[in-house]
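Heads up: the sequence lines are chains V and S, in that order. Residues 1 to 242 (the UniProt record's numbering) make up the first sequence, in order. Residues 1 to 242 (the UniProt record's numbering) make up the second sequence, in order.
Honestly, the hints are just simulated from the structure, not real lab data. Hints may be right or wrong, so weigh each one.
Given that identical chains are not distinguished, each listed pair holds provided it fits within a single copy or across any two copies.
Unchecked claim - In silico DSS-like cross-links for lysine-lysine, where the CA-CA straight-line distance does not exceed 27 Å:
| no. | residue 1 | residue 2 |
| --- | --- | --- |
| 1 | K187 | K103 |
| 2 | K204 | K187 |
| 3 | K204 | K81 |
| 4 | K51 | K204 |
| 5 | K209 | K45 |
| 6 | K51 | K103 |
| 7 | K67 | K234 |
| 8 | K234 | K187 |
| 9 | K103 | K45 |
| 10 | K64 | K45 |
| 11 | K103 | K56 |
| 12 | K64 | K234 |
| 13 | K56 | K234 |
| 14 | K51 | K187 |
| 15 | K103 | K204 |
| 16 | K187 | K67 |
| 17 | K68 | K51 |
| 18 | K187 | K75 |
| 19 | K64 | K209 |
| 20 | K56 | K209 |
| 21 | K209 | K67 |
| 22 | K68 | K103 |
| 23 | K45 | K204 |
For reference, the chains in residue letters:
2 protein chains.
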Amino acid sequence: MLRSCAARLRTLRVLRRQPGDARLPGSQPGSGKLRSFSFEDVTEKDQALPKPSWSKDLRLLFDKFMKKCEDGSWKRLPSYKTSYTTSTIQDIRAFFSGSIPLKEELMSQARLFTRSFEDGLGFEYVMFYNDDEKRVVCICQGGLYLQGPPGFLHGGALATLIDITLGTNAMVAGGPVMTANLDISFKRPVPLCSVVVINSQLDKVEGRKFFVSCNVRSVDEQTLHTEGTGLFIKLEPGKSLI
Amino acid sequence: MLRSCAARLRTLRVLRRQPGDARLPGSQPGSGKLRSFSFEDVTEKDQALPKPSWSKDLRLLFDKFMKKCEDGSWKRLPSYKTSYTTSTIQDIRAFFSGSIPLKEELMSQARLFTRSFEDGLGFEYVMFYNDDEKRVVCICQGGLYLQGPPGFLHGGALATLIDITLGTNAMVAGGPVMTANLDISFKRPVPLCSVVVINSQLDKVEGRKFFVSCNVRSVDEQTLHTEGTGLFIKLEPGKSLI
Chain V
1 MLRSCAARLR TLRVLRRQPG DARLPGSQPG SGKLRSFSFE DVTEKDQALP KPSWSKDLRL
61 LFDKFMKKCE DGSWKRLPSY KTSYTTSTIQ DIRAFFSGSI PLKEELMSQA RLFTRSFEDG
121 LGFEYVMFYN DDEKRVVCIC QGGLYLQGPP GFLHGGALAT LIDITLGTNA MVAGGPVMTA
181 NLDISFKRPV PLCSVVVINS QLDKVEGRKF FVSCNVRSVD EQTLHTEGTG LFIKLEPGKS
241 LI
Chain S
1 MLRSCAARLR TLRVLRRQPG DARLPGSQPG SGKLRSFSFE DVTEKDQALP KPSWSKDLRL
61 LFDKFMKKCE DGSWKRLPSY KTSYTTSTIQ DIRAFFSGSI PLKEELMSQA RLFTRSFEDG
121 LGFEYVMFYN DDEKRVVCIC QGGLYLQGPP GFLHGGALAT LIDITLGTNA MVAGGPVMTA
181 NLDISFKRPV PLCSVVVINS QLDKVEGRKF FVSCNVRSVD EQTLHTEGTG LFIKLEPGKS
241 LI
């Protein structure tokens, strides 16, 4: 499915941003100035930072990767719930030639699927990106509302985490993309509330096609839970989606 | 990922049930009697029935398939949020040789991923099964909390719906199964809040391997959104999952 959305465009902006260049959601990339906002614009909380609902394992992994960020080789990617503002929606409509099928009053109520749960009950995750190695690592913890078989993470929830990790890897390398294919092999189930690490890498680029692969392992790396590959197509700005 | 869980075991029970044989969740299949329940056992509401949050398209499709059920060729599959009761958890532990990794006090708070949202905000779906044709049809509507790109359903949410449809098809044919592989090709994005139809069929059985495929189309069948295949492995009762 499509991986080009406001949240991802914003991630791209963050990657291009200079230290100290704080902006509100919807601000124009590269402008160096804050855009004027309508009344409903608000600063959003970055969800990819430690919360009380994070387990010890998730905090330790977070600290480990933040250490890796200190020399600039890795970057933490921020993440938001993304309640779309009027100005953001206008940006998006312009980017996609007005092809968004949802009315604006509903758009403002929509939530990014992976951030639509209350803290700790759904997807808790942070991604880190290494530009030289073209790798994205997602450290994640699936909450009690993501259950499939009793006591285990739902396969669809894991597929979702794989989709966003592979899609982010393609996106930070090539700009806005859409998922064309996902191929996922489930090896061993993931216990609910446990932490797993998704290691992804960009394998190949052919024109607008980005080939990405990943594996999902336990924190101690001893258990290979899942392997996956994805094909992503770079979007052409201004071209309708439907 | 695994498709064997209390909800699916319950679906199997319903398929084997005679008309008028109403039971509480956790009752023993084939016993013909209600099991004795502890105080926290409750009757659960079947989620695969019309609600105020359903769109007109979903209601019309539901009515169309309920008509097909009248001659017995198709069966509607009930679906529950599944707050596990003590007795149900004991059943599950016995089935999986005690391999459930979550403590009982947390198990009772866990929710089936696809039924964990408030009405209308997440996954709304009903499945129908045709035993002669070995087909399962899932009619579904993705709510405002399942957004991926602005105005469209998240790819992971669609992968989830495909997983449960293919898994249910394998499960009603062969009993409890686990997903070994999902291969999904995304053709055209699904507008948020629209209704789509997932048509799945059992293609082949080789020993414990069940091969299932599906396509996802718009209500008018004019738009092919997605195609997918799945490989599911029949579980052996009593064999540990991890």
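Okay, the hints, checked on the actual structure:
Taking the shortest Cα distances, K187 and K103 sit within 27 Å of each other only across copies (23 Å), while inside one copy they are farther apart (41 Å). In this homomeric assembly, K204 and K187 come within 27 Å of each other (Cα to Cα) both inside a single copy, at 25 Å, and across copies, at 21 Å. Taking the shortest Cα distances, K204 and K81 never come within 27 Å of each other, neither inside one copy (31 Å) nor across copies (42 Å). Taking the closest pair of Cα atoms, K51 and K204 never come within 27 Å of each other, the shortest separation being 36 Å inside a single copy and 47 Å across copies.
With identical chains, the CA atoms of K209 and K45 are never at most 27 Å apart, being 33 Å at best within one copy and 46 Å at best between copies. In this assembly of identical chains, K51 and K103 lie within 27 Å of each other by CA distance solely across copies; the values are 22 Å between and 33 Å within a copy. Taking identical chains as interchangeable, the C-alpha atoms of K67 and K234 are never at most 27 Å apart, the minima being 32 Å within one chain and 44 Å between chains. In this homomeric assembly, K234 and K187 come within 27 Å of each other (Cα to Cα) only across copies, at 14 Å, whereas the closest approach inside a single copy is 30 Å.
Proximity of K103 to K45 under the C-alpha cut-off of 27 Å is restricted to the intra-copy arrangement: shortest distance 25 Å within a copy versus 32 Å between copies. Taking the closest pair of Cα atoms, K64 and K45 come within 27 Å of each other only inside a single copy of the chain (22 Å); across copies the shortest separation is 45 Å, beyond that limit. In this homomeric assembly, K103 and K56 come within 27 Å of each other (Cα to Cα) only across copies, at 17 Å, whereas the closest approach inside a single copy is 42 Å. When the C-alpha separation of K64 and K234 is checked against a cutoff of 27 Å, the pair qualifies neither within a copy, at 32 Å, nor between copies, at 40 Å.
When the C-alpha separation of K56 and K234 is checked against a cutoff of 27 Å, the pair qualifies neither within a copy, at 37 Å, nor between copies, at 35 Å. With identical chains, the CA atoms of K51 and K187 are never at most 27 Å apart, being 30 Å at best within one copy and 37 Å at best between copies. For the identical chains of this complex, K103 and K204 are neighbours neither inside a copy (38 Å) nor across copies (43 Å), given an alpha-carbon limit of 27 Å. Taking the shortest alpha-carbon separations for K187 and K67, neither the intra-copy value of 31 Å nor the inter-copy value of 40 Å comes in at or below 27 Å.
Proximity of K68 to K51 under the C-alpha cut-off of 27 Å is restricted to the intra-copy arrangement: shortest distance 20 Å within a copy versus 50 Å between copies. In this assembly of identical chains, the alpha carbons of K187 and K75 never lie at most 27 Å apart, being 30 Å within a copy and 32 Å across copies at closest. Proximity of K64 to K209 under the C-alpha cut-off of 27 Å is found in neither arrangement, the shortest distances being 32 Å within a copy and 41 Å between copies. Neither within a single protomer nor between protomers do K56 and K209 lie at most 27 Å apart by alpha-carbon distance, with minima of 38 Å and 39 Å respectively.
When the C-alpha separation of K209 and K67 is checked against a cutoff of 27 Å, the pair qualifies neither within a copy, at 33 Å, nor between copies, at 45 Å. Taking the shortest alpha-carbon separations for K68 and K103, neither the intra-copy value of 43 Å nor the inter-copy value of 34 Å comes in at or below 27 Å. In this assembly of identical chains, the alpha carbons of K45 and K204 never lie at most 27 Å apart, being 34 Å within a copy and 49 Å across copies at closest.
Checked against the numbered hints listed earlier, the structure breaks hints 3, 4, 5, 7, 12, 13, 14, 15, 16, 18, 19, 20, 21, 22, 23; every other hint is satisfied.
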